[in-house]
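Novice: Protein chains in written order, with the working numbering: chain A, 1102 to 1648; chain B, 9 to 340.
Because the hints were derived from the structure by calculation, they are not lab data. One should not assume that every hint holds.
[Unchecked claim] Here's a subset of chain A near chain B, in silico, CB distances under 7 Å, partners left out:
hint, residue
1, 1119
2, 1319
3, 1509
4, 1511
5, 1549
6, 1551
7, 1554
8, 1567
9, 1570
10, 1574
[To be verified] From the derived model, a few chain A residues whose C-beta atoms are all more than 10 Å from chain B:
hint, residue
11, 1200
12, 1241
13, 1426
[Said to hold, decoys possible] Label pairs and their in silico Cβ distance ranges:
hint, chain 1, residue 1, chain 2, residue 2, range
14, A, 1105, B, 328, 49 to 57 Å
15, A, 1105, B, 193, 46 to 54 Å
16, A, 1121, B, 74, 41 to 49 Å
17, A, 1105, B, 137, 50 to 58 Å
18, A, 1122, B, 74, 21 to 29 Å
19, B, 15, A, 1127, 53 to 61 Å
20, A, 1509, B, 117, 34 to 42 Å
21, A, 1177, B, 16, 53 to 61 Å
22, B, 33, A, 1105, 26 to 34 Å
23, B, 175, A, 1295, 39 to 47 Å
24, A, 1122, B, 313, 52 to 60 Å
25, B, 174, A, 1177, 55 to 63 Å
Idealized CB from N, CA, C, for every residue including glycine.
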Amino acid sequence: MAASLVNNAQHRLRRLAREFRFRLNGWTVAAVLLGLFLFLPMAEVLWHITSPAENWEHLRDTVLGRYLKGSAILVVGTAGLSLLLGVSTAWLVACCEFPGRRFFEWALILPLAIPTYIAAFAYFDLLDRLTPLLIWVRTNISPEAMTWLSDMMVYPVTTVVLAAVLYPYVYLVARAAFSRQGSRFAEAAQTLGHGPQSVFWYVALPLARPAIISGLALVIMETLNDYGAVKHFGVPTFTTGIFRTWVSMGDLPGALRLAACLMVLILFLLLLEKWLRFGAKFHKTSPSDRPFQRYPLGQAKAGLALLCCLVPLVIGFALPLSRLAYWASLTAGKVLDATFLKLTLNSIGVATATGLATVMIALFLAFTARYFGSQAAGATNRLAILGYAVPGAVIAMGVLLVAGQVTQATGWILTGSLAVLVLCYVIRFLAVAWQPIDAGMERNCAQLNQASKTLGATPARSLFHVNVPLLRNALVAGGLFVFVDTMKELPLTLILRPAEFETLSTKTYDLVFQSQIPESSVPALCIILVSLLPVIWLNRQMRAPEQ
Amino acid sequence: MNLLTLRSVTKRYTATDPPAVDGVSFECAQGEIVALIGGSGSGKTTLLRVIAGLEIPDTGEVVLNGTTLNSPTRFVPPEKRDCGLVFQDYALFPNKTVSQNISFGKGSTDDPARIGELMEMADISGLEQRYPHEISGGQQQRVALVRALATRPSLLLLDEPLSHLDPELRDSVRTELLKLFRETDTTALFVSHDIEDAMVMADRMVVLRKGTAEQVGTQLEIYDRPANPHVARLFGKTNFIPLGLLPDAPHSFADETGDGQVVPVRPHQWQLVENSNDGSTAFTGKVVSTTNRGAHQEVLLQTENLTLTIHLPGNTTVKPGETLTVSCDLTV
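All chains, full assembly: derive it from the sequences and hints.
Specialist: Set out below in structure tokens:
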């Protein structure tokens, strides 16, 4: 065992040494440096896990436990509920036949278009509705019980709101996994005497496990990233804690240590995901020639299935959207003015710049690592895309740290500029563009790049004549997703936007916290409408393998 | 002078598995056609990729045209090597037309007349504006071939050039390829798992197994004097007779256990002997089974301690259970 480990390490070292000797060129050096640069802000935050902070002991003893508990309850609850909603609806839609199935197949994705904070604002009065219950508890049980209950009630409420818009991450991957499995395994199980239930538990679900876990990981990352919803409902989490410590208490070192703790937690979750997805290789199913023969459901069961699919759709999409639409119809005249046009253009401009920059950087990084088979560039690629797992607030802090150091060293003031904001978005959303580009390159361009090399083409020629034309779809999709994610982004924008710079998301947030919730519906609706574009596109993509 | 020289090239992909290529050396002269032959996992494709520059070997040297391409201190990237590679599944750029594919290579457009000539020779004239998915598999292969030749490489590498073809087409494609190589004075190195391809097309062959070169030579040398039982079996069924039973045999090698020397005897080298007292090289045994193979009958003969595979003329009538006496003639 030990010998083979040593052997392996030696082998890797030799490969790396060979790479440094033979494959070091302008491209790989630039890609490694760029990857490290994009990772730098996250590394800086992580570094502060040990840096001195005056009030740290106080923070640790008073609030750290609360934030940890709050985040943990929220993550477990949201992940659990999303798993339940996502997997059950995916199974029904992919493997059962009932009236309305084809409608739900695409409609169930729609909640993805609603950012968590907008969902929370649409349900802003959910907690208030429970006040009569609290009063009843106070009069009939005890004031302490009421306090306890009102503290605890924020969790189920927030969990339901978050899960209602985040479950599609699980639904999408689970549905794709179920329909990709085809009929072979289910038929084999059926001929061995297993009914639909045991096919689900013993065949389909284990096969879909790696995919479902990857979807679940996204739900968890989004939950940890959320700031607007938890702030609104008053849940003590890491994100709200970081903002509070930093902005309200003015304790930057303390906020940094909190952020560092959160980074550690996230790294742990990433490792956990990797470990849980262990075996994904063995679970790759070849596309079966025959699609799954859906189980026909009887009347009662079909009704139940209908209800199962209807509930998340209503809670996650129909209800918040109709509420926002109603409010918007009341307030549009007041909100829609020249300022609103300006902030819409701000949003579109920043999102377009971010989309373009991110796609170009992702293309360069993925291409360099793959084209030159560079281990070093591959490793720094992985570091650079970690931003997708790190809450926007943490990335923003890291970028501020780096910018501060640059100012110290050179005197240039970077903070408060649009360039820094865009850079921050790039770090946060790089993975969104990198993943489809990298996967497309592996699938479509690997051998063609070799052909290109043996024909004497330069790397640039291979990039622009072979990779770019073949990856057009992935490039457009990546850019579109980054565009929308940027439009929706809130915590990072709140921290890093230049003074007087408003976007649709910050406007929504500002209006809500000026208690102008009906007015906030107009920018919120704009964000949702734009977000629907990639949702529709995504749905078409995910269905493609079925045909 | 040798065009291509490989000196103890070794390449391993993982720390634990045995090397994919293990100390292979051979040479290739100007104008020669050489086959790298071996089963799956023999390292033949890895070797081709090392020569093309797509893999970096752990140790060893590759020299082409007097230029060192690989050495412990040197690596010339594929785009700077003077060799072309035809991929097993052609790797045509799907977004480019046939003529764009062909003119993609470095320096391929320097001599437009040559491209026309090559396309003429390869019988793909008129397809210039088609996309790869609009032409047949055979045409795709010829486009890939012309694309590689258009850069005027000193050495052309081909990965399993005939593996995608059905048996009827194979023969004619072999001839066409050979003709094209001769007409363009191409030095070619191709990988194949099929001994027939190598026999028909190659001037010399390198037999690979588990990453090592077991034998390098012309077909005749290898057929007549195989280096070991594995190489002997490449050419079909072979009987391994202990040297003690055939002391006059011109060629023998160690058997697979390494215990003794054996003589390879091919099934067609046996003949029936009427008189069993005729010399010491006769073997007598019982017929276990007979299989009619059209031109000949394959007979399994169980002697005292050997099971022999024998080919007899198709019109011979033997039945299982019969006793036969055979001797071998190693000169045919």
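Novice: Enumerate the violated hints, using their earlier numbering and listing them in ascending order.
Specialist: Violated: hints 2, 3, 4, 10, 16, 19 and 20.
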